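Enquirer: Can you make the complete structure from the sequences, with help from the hints?
Quick mapping for you: the protein sequence lines, in order, are chains S and Y.
If you want the working numbering, it's the position in the first sequence, counting the first as 1, plus 22.
If you want the working numbering, it's the position in the second sequence, counting the first as 1, plus 22.
In case anyone wonders, no lab produced these hints; they're calculated from the structure.
In this text, all values refer to a predicted model and were calculated from it rather than measured experimentally.
One thing to keep in mind: the hints can contain errors.
For identical chains, the list gives no copy identity; a pair is met inside one copy or between any two copies.
As the list claims (entries may be wrong) - Quick list of in silico lysine-lysine cross-link-like pairs, DSS-like style, CA-CA up to 27 Å:
no., residue 1, residue 2
1, 50, 269
2, 269, 41
3, 150, 160
4, 126, 282
5, 269, 126
6, 126, 28
7, 160, 126
8, 291, 303
9, 232, 50
10, 50, 126
11, 160, 282
12, 303, 84
13, 68, 291
14, 150, 232
15, 50, 291
16, 293, 232
There are 2 protein chains.
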Amino acid sequence: MNEQLKQLVTEYKQLIDTKLPFHIENLKTPDTLKQAMIYSLNAGGKRIRPVLLLATLDGYNKPVEDGLDLACAIEMIHTYSLIHDDLPAMDDDDTRRGQPTNHKVFGEAMAILAGDALLTYSFELITKMNCAPSEPSKALTLIRELAHASGPEGMVGGQVADMEGENRMLSVEELAAIHHHKTGDLLAYSILAGAILADASAEDLENLRKFAIELGLLFQIKDDILDVEGEAEKIGKPVGSDDGNNKSTYPSLLGLDGAKKMLDVHTIKAKEYLSNVTMNKEKLLALTDYVISRDH
Amino acid sequence: MNEQLKQLVTEYKQLIDTKLPFHIENLKTPDTLKQAMIYSLNAGGKRIRPVLLLATLDGYNKPVEDGLDLACAIEMIHTYSLIHDDLPAMDDDDTRRGQPTNHKVFGEAMAILAGDALLTYSFELITKMNCAPSEPSKALTLIRELAHASGPEGMVGGQVADMEGENRMLSVEELAAIHHHKTGDLLAYSILAGAILADASAEDLENLRKFAIELGLLFQIKDDILDVEGEAEKIGKPVGSDDGNNKSTYPSLLGLDGAKKMLDVHTIKAKEYLSNVTMNKEKLLALTDYVISRDH
Numbered sequence: 023m024n025e026q027l028k029q030l031v032t033e034y035k036q037l038i039d040t041k042l043p044f045h046i047e048n049l050k051t052p053d054t055l056k057q058a059m060i061y062s063l064n065a066g067g068k069r070i071r072p073v074l075l076l077a078t079l080d081g082y083n084k085p086v087e088d089g090l091d092l093a094c095a096i097e098m099i100h101t102y103s104l105i106h107d108d109l110p111a112m113d114d115d116d117t118r119r120g121q122p123t124n125h126k127v128f129g130e131a132m133a134i135l136a137g138d139a140l141l142t143y144s145f146e147l148i149t150k151m152n153c154a155p156s157e158p159s160k161a162l163t164l165i166r167e168l169a170h171a172s173g174p175e176g177m178v179g180g181q182v183a184d185m186e187g188e189n190r191m192l193s194v195e196e197l198a199a200i201h202h203h204k205t206g207d208l209l210a211y212s213i214l215a216g217a218i219l220a221d222a223s224a225e226d227l228e229n230l231r232k233f234a235i236e237l238g239l240l241f242q243i244k245d246d247i248l249d250v251e252g253e254a255e256k257i258g259k260p261v262g263s264d265d266g267n268n269k270s271t272y273p274s275l276l277g278l279d280g281a282k283k284m285l286d287v288h289t290i291k292a293k294e295y296l297s298n299v300t301m302n303k304e305k306l307l308a309l310t311d312y313v314i315s316r317d318h
Numbered sequence: 023m024n025e026q027l028k029q030l031v032t033e034y035k036q037l038i039d040t041k042l043p044f045h046i047e048n049l050k051t052p053d054t055l056k057q058a059m060i061y062s063l064n065a066g067g068k069r070i071r072p073v074l075l076l077a078t079l080d081g082y083n084k085p086v087e088d089g090l091d092l093a094c095a096i097e098m099i100h101t102y103s104l105i106h107d108d109l110p111a112m113d114d115d116d117t118r119r120g121q122p123t124n125h126k127v128f129g130e131a132m133a134i135l136a137g138d139a140l141l142t143y144s145f146e147l148i149t150k151m152n153c154a155p156s157e158p159s160k161a162l163t164l165i166r167e168l169a170h171a172s173g174p175e176g177m178v179g180g181q182v183a184d185m186e187g188e189n190r191m192l193s194v195e196e197l198a199a200i201h202h203h204k205t206g207d208l209l210a211y212s213i214l215a216g217a218i219l220a221d222a223s224a225e226d227l228e229n230l231r232k233f234a235i236e237l238g239l240l241f242q243i244k245d246d247i248l249d250v251e252g253e254a255e256k257i258g259k260p261v262g263s264d265d266g267n268n269k270s271t272y273p274s275l276l277g278l279d280g281a282k283k284m285l286d287v288h289t290i291k292a293k294e295y296l297s298n299v300t301m302n303k304e305k306l307l308a309l310t311d312y313v314i315s316r317d318h
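Expert: What follows is the structure, given as structure tokens:
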């Protein structure tokens, strides 16, 4: 990551890291639930979705403050999905980013409920954003798109498809479709949400949606490559951990070189879509380059 | 239940029973997820929340069709909460209403995800209701109140408080506060939502909110009384099943007679609040009488 981008990401990340627990701290709800929600919100992470939203807003010359609450809502949904994914009945993970998972600290029942609470509260948060769009219809669009991206036709559907695809060999198309929904839809929403807040044209929204789906794909291909190449301490989980359950990955289907080639092809596509968008694209381009060149 | 009310409830229930699976059937999502969502939506239940919403709308002389989608959204949230409540990590129930619980049929992972999907989709549904309110700001209010009633400051918070109150003796006030959030908030929302759709005055909304909270309380006190008095086959779970884990109930705190007296006191309060509302109150009154006199 170049110095300028690093500074930007750090700045955005700090804004989100500060704002996220603030939303939960003052809720009138049992302390344990609050602690469980905040524990996972504070458990670090790259905040890639909020960063994408704020960078998009900025690309349209809008103040990033206008997107902070919405970015928090997205991160709450991402966080709930991680809490539920880690449960014994799902991936049964004891640690995430080097820390005990939510259910290891608070117990399974509380982890389920903390996830439910984060998911539900994210929608409440959008209805009362500080910098709410002047037209309520825009807030409704933001809610509809977020629910779609994270519900049965988006993230949850992708999670189910992923579960059902375990232990059998998938085609590259099937694998891409799974990731499209499991991780791509919420990433894409983050960019779209920034553009919607900034009153982008329908054409821009369409190109940004296509760009964002490619970016999500790049993110996953790179993750799979890192999982083969990476060093355990850098990515915080055992290298090759996806191998254990015969999970299909881009390197397992295409070989390491094939996966790297696919990364190149989709990088070109992503940048093509982005080139059609009428905004200052510098930051989204730099983020794209970071996604494909990162080492963890 | 008198014949007239029985006919009304049957009619409303049929409208909801038909509409609920329809919303899910056409989703572009893996079949298993769809089946798991529909399984629990179709698992019967009294549809008390939808009935309350439609009866309220009707009391304001509005067509009940205007509230069907919103009633479905509420029932989806109620259903998700039952699926998650039944999980092994929570109440660990094998059956509900005489049928195997969701995780017994589809497995724990799918049950968690089916709950997540129902919760998320309910918000999407509200943003695209067929009979959407003409003003988007009203839809936003409906979403904000629903998220509040079912999130950390509502149902999920009540669930946590309930869990934490197990195995210790609660005060009657603590017990009432738990039920207020665990079941009362979503019941109250159902009535409020009907009134909001019908453009009720702020004063009506306030009195209906108070009435609805009393109604939720009545519902729970009566449930507890039935649990002591009822016959196993009528309520579909072992009689006195709440006793097993030393759970506080109104009869356990007040004795059976004390609980019945409390039922009387709050019935009077509920009807007082309702009497101040400027609508045709006949159906809500009949429903209140049903709640306190039912035998299952």
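Enquirer: Confirm or reject each hint.
Expert: For each hint, the structure was consulted:
With identical chains, the CA atoms of residue 50 and residue 269 are at most 27 Å apart between copies only, with a shortest distance of 24 Å across copies and 42 Å within one. Taking identical chains as interchangeable, the C-alpha atoms of residue 269 and residue 41 are never at most 27 Å apart, the minima being 36 Å within one chain and 38 Å between chains. With identical chains, the CA atoms of residue 150 and residue 160 are at most 27 Å apart both within one copy (13 Å) and between copies (13 Å). Neither within a single protomer nor between protomers do residue 126 and residue 282 lie at most 27 Å apart by alpha-carbon distance, with minima of 36 Å and 43 Å respectively.
Proximity of residue 269 and residue 126 under a CA criterion of 27 Å is satisfied in both settings, with 25 Å inside one chain copy and 26 Å between copies. Taking the shortest alpha-carbon separations for residue 126 and residue 28, neither the intra-copy value of 33 Å nor the inter-copy value of 48 Å comes in at or below 27 Å. For a Cα distance limit of 27 Å, the shortest separation of residue 160 from residue 126 qualifies neither inside one copy, at 40 Å, nor across copies, at 41 Å. Taking CA atoms no more than 27 Å apart as the test, residue 291 paired with residue 303 passes inside one copy only; the shortest distance there is 15 Å, against 62 Å between copies.
In this assembly of identical chains, residue 232 and residue 50 lie within 27 Å of each other by CA distance solely across copies; the values are 19 Å between and 41 Å within a copy. In the homo-oligomer, the alpha carbons of residue 50 and residue 126 lie at most 27 Å apart inside one protomer (25 Å), although the nearest pairing across protomers, at 34 Å, exceeds that limit. Taking CA atoms no more than 27 Å apart as the test, residue 160 paired with residue 282 passes in neither setting, with 39 Å inside one copy and 50 Å between copies. With identical chains, the CA atoms of residue 303 and residue 84 are at most 27 Å apart within one copy only, with a shortest distance of 14 Å there and 50 Å across copies.
For a Cα distance limit of 27 Å, the shortest separation of residue 68 from residue 291 inside one copy, 24 Å, qualifies, whereas the shortest one across copies, 53 Å, does not. In this homomeric assembly, residue 150 and residue 232 come within 27 Å of each other (Cα to Cα) only across copies, at 24 Å, whereas the closest approach inside a single copy is 29 Å. Within a single copy, residue 50 and residue 291 get their C-alpha atoms only as close as 47 Å, which misses the 27 Å cut-off; across copies the closest is 26 Å, which meets it. Taking CA atoms no more than 27 Å apart as the test, residue 293 paired with residue 232 passes inside one copy only; the shortest distance there is 10 Å, against 56 Å between copies.
Checked against the numbered hints above, the structure breaks hints 2, 4, 6, 7, 11 and satisfies the rest.
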